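Put together the whole structure using the sequences plus the hints.
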Amino acid sequence: MILNRNRSLKIAGILLLSLIASGCVTTPPTEYLSKQEAYGNFYEEKPKTVLVVPAINHSTAADAGNYYAATVAEPLTKQGFYVLPIAITDQILNEAGISDGAQLRDVPLSRLGTLFGCDAVLYVTITLWDTNYSVMAGNVVVELNYRMVSTKTSEPLWVYQNKVVVNTTGSSNNGLVGMLIETAIKTAQQDYLPVAQMVNNSSMHTIPAGQYHTAFGKDAMDKVVNPNHLPSQE
Amino acid sequence: MKLKLLACCLVLASLTGCVAPQPSPTGFYWGNYSKYFYEYKKNPNEQTLKMYKLTLEKIIKESDVNPNRKVPPGIYAELGNIYLQQGNKDEALKWFQQEQIHYPESALFMKTMMEKAKS
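Chain order of the listed sequences is L and H.
1 is the number of the first residue of the first sequence in the numbering used here; add one for each residue after it.
1001 is the number of the first residue of the second sequence in the numbering used here; add one for each residue after it.
Don't read these hints as lab results, they were simulated from the structure.
None of these values were measured; they are calculated from a predicted model.
Backbone N, C-alpha and C define an ideal beta-carbon position, used for all residues, glycine too.
Some hints could be false.
Output of the computed footprint for chain L on chain H, the stretches with three or more beta carbons under 8 Å from beta carbons of chain L [said to hold, decoys possible]: (1) 1029-1036; (2) 1074-1088; (3) 1098-1107.
Written as structure tokens, this is what we have:
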């Protein structure tokens, strides 16, 4: 019996470790916060329209901002929000000499609100976008820091920090999705789009649902926010 | 036994992955938007613009014939903006209006775009 127990424990431990290594589970679900606990402001303001501004890119990948811009609108609209057309808002900001979100630091939120008619602005800082290679293995590590802020009160409405590690070689232990992504990655130039999609999709389900989502107004008690993904207060 | 159950659950969890794509309750249909918008954004040229525009038109067309699909926010407007850049103001206005009709919360921004198209 004792032997059996130990073996089961070992197996569970190894599985837990592999899950942690794949970057998915870091704390037991019991410690997750409800959306209301994590993002109380959001439920008070109920923003409908979101302006996505260019990423603040601190990574070594020059193209990371484009990958982000091309994949952020889909999950954000599917979470129920009106996202201002990024192709146009990026172009307007570009014409004003702004291609990196860091340049917006001194632009008052209320001004962005009046210019674009938006309730909230989504900033993102790309802290990591690394490709690691060796003969036997490779991976992509992406870390994003999201911050959605109210244009009315300048208060943060949703903050989330997410790191995703994707294996790019060998037989995947990342599960089916990992394998699919791996295959996609190996195929072509489009390499990083699935990675960007993965990190955006896996972050945005924690945003309180917007008006176009069937869960609008019903998800406050959903315990889906991992406190480890909340950036430490500045 | 409990431990075995736990182990099984963990195996299942690792098999299903962490971000299994789910059908959206919003019905928004994005087609191949990410791929072709990315290519255009990275290398704006005639060919990438053509593919990006085709993608937008395809999203609209395929949503029109499928009651389970909806044209997501911004698609009509982005199509209008392409026409605006090509100097086709009438087409631009038409699509900006479509955006506003489908998404009234875009009114302020679409007004700006329509004024730009009329000037």
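Count the residues of the stretch 1029-1036 of chain H whose CB lies closer than 8 Å to any CB of chain L, then report whether that count reaches three.
holds (count 4)
Holds or violated: the stretch 1074-1088 of chain H covered by chain L, criterion of 3 or more residues with Cβ-Cβ distance under 8 Å?
Holds, because 5 residues of the stretch 1074-1088 of chain H bring their Cβ atoms closer than 8 Å to Cβ atoms of chain L.
Does the stretch 1098-1107 of chain H contain three or more residues whose Cβ lies closer than 8 Å to a Cβ of chain L?
holds (count 5)
Violation of the numbered hints given earlier is absent; every hint is satisfied by the structure.
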